[in-house]
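Student: Same order as they appear, the protein sequences are chains A and B.
The first sequence stops at residue 327 when you use this note's numbering, and every number in between is there.
The second sequence stops at residue 174 when you use this note's numbering, and every number in between is there.
Calculated from the structure, these hints are not laboratory results.
Computed from a prediction, not measured in an experiment: that's the story for all the values here.
Backbone N, C-alpha and C define an ideal beta-carbon position, used for all residues, glycine too.
Mixed in with the good hints, there may be bad ones.
Cβ-to-Cβ under 7 angstroms is the rule here; a few derived chain B residues that face chain A [said to hold, decoys possible]:
| id | residue |
| --- | --- |
| 1 | A12 |
| 2 | H15 |
| 3 | L50 |
| 4 | G55 |
| 5 | K67 |
| 6 | R70 |
A few chain A residues facing chain B, derived, Cβ under 8 angstroms [said to hold, decoys possible]:
| id | residue |
| --- | --- |
| 7 | A79 |
| 8 | L80 |
| 9 | T83 |
| 10 | D90 |
| 11 | V117 |
| 12 | R226 |
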Amino acid sequence: MKAAPFDYHAPETVAEAAGLLTEHGDEAKVLAGGQSLLPMLALRLTRFEHLVDVTGVAEMHGISRSNGHLRVGAATPQAVAEHDADLAAAVPLLARALPHIGHFQIRNRGTVGGSLAHADPASELPAVALALDATFEAASTRGTRDVAASEFFTGTWSTALADDEILVGTRFPVWSGRTGFAVTEIARRSGDFALAGVAAAVELDGSDRIGRVAVGLFGVGSTPLRAAATEAALAGAAPDAAAVTDAARAGAAEIAAVDDVHATASYRTRVAAHLMDAALTAVIEEARRG
Amino acid sequence: MAEHHVHCVVNGAKQRGIVESRTTLADFLREGLGLTGTHLACEHGVCGACTVLVDGKAVRACLMLAVQADGHEVTTVEGIASPDGTLSPVQQAFVDCHGLQCGFCTPGFVVSVTSFLEANPDPTEAEIREGISGNLCRCTGYQGIVEAVKLAAARMRDGAGVGQ
Chain A
38 MKAAPFDYHA PETVAEAAGL LTEHGDEAKV LAGGQSLLPM LALRLTRFEH LVDVTGVAEM
98 HGISRSNGHL RVGAATPQAV AEHDADLAAA VPLLARALPH IGHFQIRNRG TVGGSLAHAD
158 PASELPAVAL ALDATFEAAS TRGTRDVAAS EFFTGTWSTA LADDEILVGT RFPVWSGRTG
218 FAVTEIARRS GDFALAGVAA AVELDGSDRI GRVAVGLFGV GSTPLRAAAT EAALAGAAPD
278 AAAVTDAARA GAAEIAAVDD VHATASYRTR VAAHLMDAAL TAVIEEARRG
Chain B
11 MAEHHVHCVV NGAKQRGIVE SRTTLADFLR EGLGLTGTHL ACEHGVCGAC TVLVDGKAVR
71 ACLMLAVQAD GHEVTTVEGI ASPDGTLSPV QQAFVDCHGL QCGFCTPGFV VSVTSFLEAN
131 PDPTEAEIRE GISGNLCRCT GYQGIVEAVK LAAARMRDGA GVGQ
């Protein structure tokens, strides 16, 4: 099917883009890589009078590091981020999530900010941002503000961004020391939406106890989730295999998993427990080596 | 209804057109420029039949607006063979390995595999299967396609060139 008619705008600055959103209100939608929005328009699941293409906004491109954070401009293509050596060194969890997104053809167009702002619960990047306590930078004609990841994902395909706000960049905390990171998921085929997935990060202290642990889940609930019970069970622990398995089960037990045509909630919960167990085992091993 | 002027280079030749905002790059190539080698099946980014190169990178032409191609270079399956009609190593390998049956998905596979082998000239079979996962084929069961990618990679490593 073809999309219903719309008007297309190609602003070159954030200010210009914000002005268009203020002018057109909820009749306008930000277009980034379009790898989710254009299918939804073609299927007529949604419709807008105006699309504001931000891929030509230079200040929304680029990857930079400062003050313990890595900032990724929202319009940075996923393929650019995937092959960025500074990103891989600073935020390995993000680097390991990127190859899981769609297919390489999708990542050539799709953007980091687009995936985050689209907020599909089965997407990898929202779970990574949530797990790492990333900070979202929103801009509008009213000014700019920061939104914590814990406040950002408000529902399926819904975020804390107002109709007139643009996600311009995301700051990911840089973890240092003896760390390990893993992103793992179950999908029917490579590139399909995950039926369940885990983004896990751990930092060990000098005595091999867990100093910091973060576990994000995607494809499980109606939003990206944190496995809070898993993190609480492991924080400060000297992790052996049994402790990791128990923690994974505790985290899975508190998940509100969703039923749909692809998988039952029960299946998702059991797979999530298994994936958390495997991912945490791997990241702890990586941190021990590191 | 907003219309836009598009100027781009397609298969090495300058092209221009006037498109609606909602016109996809795939529809512009097919209906505006008559380049019907770019096939459309699902029209929502799942099947990969419409894969083209934009500035050398493989993308789905149904998930890009024609107006977004303004100022860019596009290569379609019509631009993969040599100007004299000699098939590229990827195209020849698809012929030699029976990497197609009905042929509908083939343009997308040829473009995707051309791009994939540029980035990874010596892929494992697992990497090949991941590399072609963005293209669907309902005939072959993929065995002939995987063999074609292996053969094209081997021939190109032996110096046949990518063939664009």
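Student: For the hint on G55 (chain B), just tell me whether its beta-carbon gets within less than 7 angstroms of chain A.
Tutor: 5 angstroms, holds
Student: Given V117 (chain A) as an interface hint, is its Cβ closer than 8 angstroms to any Cβ of chain B?
Tutor: Violated - the Cβ of V117 (chain A) stays beyond 8 angstroms from chain B, reaching only about 10 angstroms at its closest.
Student: Would you check whether K67 (chain B) satisfies its interface hint, that is, whether its CB is within less than 7 angstroms of any CB in chain A?
Tutor: The hint holds - K67 (chain B) has a Cβ within 7 angstroms of chain A, the shortest such distance being about 4 angstroms.
Student: Was the hint right that A79 (chain A) lines chain B, CB cutoff 8 angstroms?
Tutor: 5 angstroms, holds
Student: Given D90 (chain A) as an interface hint, is the shortest Cβ-Cβ distance to chain B below 8 angstroms?
Tutor: With a closest approach of 7 angstroms, the D90 (chain A) hint holds.
Student: Double-check H15 (chain B) for me: the hint is only fine if its C-beta lies closer than 7 angstroms to a C-beta in chain A.
Tutor: 12 angstroms, violated
Student: Please check whether L80 (chain A) passes as an interface residue: C-beta within 8 angstroms of a C-beta belonging to chain B.
Tutor: Since the shortest Cβ distance to chain B is 6 angstroms, the answer is holds.
Student: Using 8 angstroms as the Cβ threshold, decide whether R226 (chain A) counts as touching chain B.
Tutor: 6 angstroms, holds
Student: Report holds or violated for the interface hint on L50 (chain B), using the least CB-CB distance to chain A and a cut-off of 7 angstroms.
Tutor: 10 angstroms, violated
Student: Would you check whether R70 (chain B) satisfies its interface hint, that is, whether its CB is within less than 7 angstroms of any CB in chain A?
Tutor: 6 angstroms, holds
Student: Closer than 7 angstroms between Cβ atoms is the bar; does A12 (chain B) clear it against chain A? Give me holds or violated.
Tutor: 4 angstroms, holds
Student: Could you check if T83 (chain A) really has its C-beta closer than 8 angstroms to a C-beta on chain B?
Tutor: 13 angstroms, violated
Of the numbered hints given earlier, the model fails hints 2, 3, 9, 11; all others are met.
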